[in-house]
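Visitor: Note that the protein sequences, when read in sequence, are chains A and H. In terms of the working numbering, the first sequence has 643 at position 643, counting the first letter as 1, and numbering is strictly consecutive. In terms of the working numbering, the second sequence has 1048 at position 200, counting the first letter as 1, and numbering is strictly consecutive.
Honestly, the hints are just simulated from the structure, not real lab data. Keep in mind that a hint or two might mislead.
[To be verified] Okay, derived cross-link-like pairs now, DMTMM-like style, lysine to aspartate or glutamate, Cα gap no bigger than 25 Å in a straight line:
1) A/Lys207 - A/Asp180
2) H/Lys1038 - H/Asp996
3) A/Lys747 - H/Glu932
4) A/Lys747 - H/Asp930
Letter by letter, the chains look like this.
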Amino acid sequence: MRTVFKALSSYLLRHPAQLGLAIIGMAVGIAVIVAVDIANDSARRSFDTSLAAVTGATTHQIIGGPTGLDEQVYIDMRLNGVRSIAPIVEGFVRVEGETFQLLGIDMFAEGSFRNYQGGGSNGDSITESGSNILELITQPGGVLMADRSARRLKLEAGSTFNVNIAGGDHKAVIVSIIGDQESNRGLDRVLIADIAVAQEWLGLIGKLSRIDVKLEADGTGPFMVADIEAKLPLDARLVNATGRNNSILEMSTGFNTSLMAMSLFALLVGVFLIYNCMSFMVLQRRPIIGVLRALGVTRGQLISALIIEGILLAAIGSLLGVLLGVFLGEQLVGLVSRTINDHYFVVRATEVTLSNFSIFKGVAAGLAATLVAVSVPAIEAVSYPPRLTLARSVVEERAHNLLLWLAVTATLLIMLAWMTLVFSTVNLVSGFFALFLVIVSAALLAPLFVKIVIPVLSILMGFIAGLPGRIAVRGIMRSLSRTGVAIAALTIAVAEIVGMGVMVGSFRENVEDWLINSLHSDIYIAAPGRSGVTTRGIDHTLINKLTQVPGVSHYSASRRVWIETESGPTRLQAIKMAPESYGGFDFLDGNPDDIWPSFDSGEGVLISDPYAYRHNLNIGDILPLPTARGEQNFTVLGIYRDYNSDQGVVSINRRAYIEHWQDEVISSLGIYLEPGADDGVVIDALSRTADPHQALLIGSNKQLRELSLRVFDRTFVITNVLYWLAMIVAFVGVLAAALALSLERGKEIAILRALGMTRMQVSKLIVIQCGSMGLLAGLLALPVGMISGWLLIHVINRRAFGWQIDMIVPVDTLLSALAIALLTALLASIYPAWKATKSTPVSTLREE
Amino acid sequence: MNSINPSVSIRIKNLSKSYPEGGKLHSVLRKANAEILSGETVALLGRSGSGKSTLLNLISGIDKPDEGEITIDDHQVTSMSDRERTIFRRRDIGFVYQFFNLIPTLNVGENLRLVLELNKHGADSTAKQCKALLDAVGLKGREDSYPDTLSGGEQQRVAIARALIHKPAIVLADEPTGNLDETTADEIWKLLDTLVRPSGGTILLATHSIAAARRCDRILEIVDGNLADRSESYR
Chain A
1 MRTVFKALSS
11 YLLRHPAQLG
21 LAIIGMAVGI
31 AVIVAVDIAN
41 DSARRSFDTS
51 LAAVTGATTH
61 QIIGGPTGLD
71 EQVYIDMRLN
81 GVRSIAPIVE
91 GFVRVEGETF
101 QLLGIDMFAE
111 GSFRNYQGGG
121 SNGDSITESG
131 SNILELITQP
141 GGVLMADRSA
151 RRLKLEAGST
161 FNVNIAGGDH
171 KAVIVSIIGD
181 QESNRGLDRV
191 LIADIAVAQE
201 WLGLIGKLSR
211 IDVKLEADGT
221 GPFMVADIEA
231 KLPLDARLVN
241 ATGRNNSILE
251 MSTGFNTSLM
261 AMSLFALLVG
271 VFLIYNCMSF
281 MVLQRRPIIG
291 VLRALGVTRG
301 QLISALIIEG
311 ILLAAIGSLL
321 GVLLGVFLGE
331 QLVGLVSRTI
341 NDHYFVVRAT
351 EVTLSNFSIF
361 KGVAAGLAAT
371 LVAVSVPAIE
381 AVSYPPRLTL
391 ARSVVEERAH
401 NLLLWLAVTA
411 TLLIMLAWMT
421 LVFSTVNLVS
431 GFFALFLVIV
441 SAALLAPLFV
451 KIVIPVLSIL
461 MGFIAGLPGR
471 IAVRGIMRSL
481 SRTGVAIAAL
491 TIAVAEIVGM
501 GVMVGSFREN
511 VEDWLINSLH
521 SDIYIAAPGR
531 SGVTTRGIDH
541 TLINKLTQVP
551 GVSHYSASRR
561 VWIETESGPT
571 RLQAIKMAPE
581 SYGGFDFLDG
591 NPDDIWPSFD
601 SGEGVLISDP
611 YAYRHNLNIG
621 DILPLPTARG
631 EQNFTVLGIY
641 RDYNSDQGVV
651 SINRRAYIEH
661 WQDEVISSLG
671 IYLEPGADDG
681 VVIDALSRTA
691 DPHQALLIGS
701 NKQLRELSLR
711 VFDRTFVITN
721 VLYWLAMIVA
731 FVGVLAAALA
741 LSLERGKEIA
751 ILRALGMTRM
761 QVSKLIVIQC
771 GSMGLLAGLL
781 ALPVGMISGW
791 LLIHVINRRA
801 FGWQIDMIVP
811 VDTLLSALAI
821 ALLTALLASI
831 YPAWKATKST
841 PVSTLREE
Chain H
849 MNSINPSVSI
859 RIKNLSKSYP
869 EGGKLHSVLR
879 KANAEILSGE
889 TVALLGRSGS
899 GKSTLLNLIS
909 GIDKPDEGEI
919 TIDDHQVTSM
929 SDRERTIFRR
939 RDIGFVYQFF
949 NLIPTLNVGE
959 NLRLVLELNK
969 HGADSTAKQC
979 KALLDAVGLK
989 GREDSYPDTL
999 SGGEQQRVAI
1009 ARALIHKPAI
1019 VLADEPTGNL
1029 DETTADEIWK
1039 LLDTLVRPSG
1049 GTILLATHSI
1059 AAARRCDRIL
1069 EIVDGNLADR
1079 SESYR
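Please model the complete structure; the sequences and the hints are all you need to start from.
Guide: Below, the structure is given as structure tokens:
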């Protein structure tokens, strides 16, 4: 057996380029899986760690309305004997350009909830530097900062710095640094202050963001859940802390799932590459296999030897893949965190988390792919009588015979995809499964497509490059067992580009149209805050001054808040409409003439399309929302197109909002100008008016649109990174196939050289052959990519994010995809073409 | 019928060639000398591995010698660049191999046309030449057949036609009948005789067959790396 193994493996060592490409392909495929997993996992863990540090031992939370809870609620509960509770005031602030979470705590109530113990051993010494927690009270603007944050900002105990909240600066001083122990890791970018300081800074005097409650695991304790609920005011509710955290985390599930699915596509391309390389390595050794079989080596022995060899290669590829994956993961984690920060919640993923499970997933995927890739050709190679094993033509004949079966299988897979979509109408994973089936079907159809198109391409190339052109193109058909797989791999990668290009292009165009149609104000003014949500709005006296600025005609106003519903946080938008604001709503359902009178009179709410989709709501349905007067039912008056948030938005008339939530804060203004007024001049005047009072974000309609599109483009950076990674894998695939072909066709090339073809002409032949493979892959990828784009738009995007997008076919995307396919293949041909120029026909001819 | 340039002669002077084998250099040709006149048909005999194919490869410029010169019609092949040798080969040499070496992805007609295309012949004359030559080798109407659909003898006829299509000054044949049965081999000899000898072309034929060698004007034999004229010995 050892000799059999040696007889087989020595071939690989003599072809290091082939061996290297197989391992590289395997490694890149695995690396993408591991990297995306690391990036997702790191962001999630960072969020978990942060929540764990901030939530501490809290089991439940008492949540108020958009303006928070009255602190009297806490006092009353204490007076009623409820002890295991702690008041919290929180909000997001900016320090030196970074977003920090400000956590205002009552240190006397904190003991059993959070432990910021650093090096001290006495319970009240919470920091490494040993300062007493009481300094938080005695020191005006005193805060605690994590060691990691302080080091990054070059601050230390006693340092003073500015905390910016909603455009206003507040002086803070670090009373102590929180130690860098494992348990404190989640406190990076968290500022801990006394509750009174936080209330003052966040404009929440007399208010609490929430009350943390600690109950026994079964919801019992000195007080039962029911006891606490009975004591709550109408606008407050007791929620399970874990459930609340999970519902926040679930916001990004669609995004995370999409990323993971995309990484699987990169692996799929990798699988084809591995299959191509490994099957080539098996097929190249058919003569050796034939001789070994003739000498009496059994089929079982040969298959075992080939599979062991495959496992060894997979082990090397996996090891490299994991290492590369960690490196890529470090780069991706920033992109993933940025997207989550832009659209969902604040994560501070500064550390890359490498879990054993991530490694296991990558290695298992690589191993499985390699085993399939080795087993199929190995079983095939040993299934013939030894004499036939020697014949290359047998392989090609078999490959041609397989075409029909591949087509039948592809048809069955397409039918399965269709059935999956019909029977599972909302599940995201089943949507991706259908997409996966379509892509695999296309890959299976690739060889048949090649067979159909080659005669035409052969005539075309013959016309362009003469007989060498025909030799090149027909060589693709002649080595279909080889070229078919490489073309399939490239097709998948390019189809992914086309699909994503169609989806992103359509999405962008829809968003652009929507921005143009929905943003009617000439100038926008907002109080700084995450996604327009801020505890402190624009100062009311300032609003009066701003609307008096010369050139300002009239304005619309809005307030955005998060409210806590049964199904998790819901974004609520209260709007004071300007006459032009009505035209900004594109109703997907409902008649505007019926909707607006009801909306203006506060009879109901409008919901965005993603909200309607996620909550399965239609016009006329009742939407219960928690208000200051307890839960109230609101009628859904209309469903409108909106690309603001994939979680969806509920819009309500401002008067009705004030009535129900008793919150008069305005977080943004839409300014309409007098005819002829210059927006630049008015913006300057508005800034001059606002600056002495409050730092506000002021920008023109155009600037806001540009900013929105910048955020949009930023969201898809990671998508681009992933599909370029898939392209790299495909590039390696074509390169491997080109090398394999030139190696296999060495004799043919030698004959051509002997007949008088120059080195340059031989290189040209190889370049034409690779280019034709790229062209074939590009041509097949166009329809496949369009179908993928359709699925991404109407199935994946709808299910993951609730978006409804009109499909637009961007011709430039299609042309550039075709060019990319061609260019990839041409680039891959450079090395084999160069290698062919270095080979001498005499050595090949002598081997006869 | 093709007319072949009769003015070419081959001069081989102190030709040496060795190949690395098992870490050592194995000398195939050692200061070999010979002269072949234009229009002559010369057989090249020798044991397996004696250097027959090597000599043909050196004459055609496929390979380069370690030492020595090969001059063909005043052109010193051994001092040419790779590109010059390639162009010389495509223009002045026709090669017939034992294993036919047809391009499997091209049909019969295209296999012939390839050589003409490389020599930049016009399309009209190309078509006529191919047709005429295929008629001459007895493969009329088989232009569109692919090599793998032909018998060994038919493939060798195509190979001969391909070697002659561009009217080369020299035809090099490396065991052209070594892979064929006796009857078919005989037919191939007759074909070469019919097509090349009457037009005065030079043929250098590497073979193991004494009978085949006797058909030639002269017999050279490679013995210990040297070329010796054995025409008299084998008659």
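Visitor: Hints first: check each against the structure and report whether it holds.
Guide: Here's how the hints hold up against the structure:
Using a Cα cut-off of 25 Å, the hinted pair lysine 207 of chain A and aspartate 180 of chain A is violated, with the two alpha carbons roughly 32 Å apart. Simply put, lysine 1038 of chain H and aspartate 996 of chain H have alpha-carbon atoms about 24 Å apart, close enough for the 25 Å limit, and the pair holds. Between lysine 747 of chain A and glutamate 932 of chain H the CA atoms are separated by roughly 22 Å; this keeps the pair inside 25 Å, and the hint holds. For the proposed pair lysine 747 of chain A and aspartate 930 of chain H, the alpha carbon gap of about 19 Å is at most 25 Å, so the pair holds.
Hint compliance for this structure: hint 1 alone is broken.
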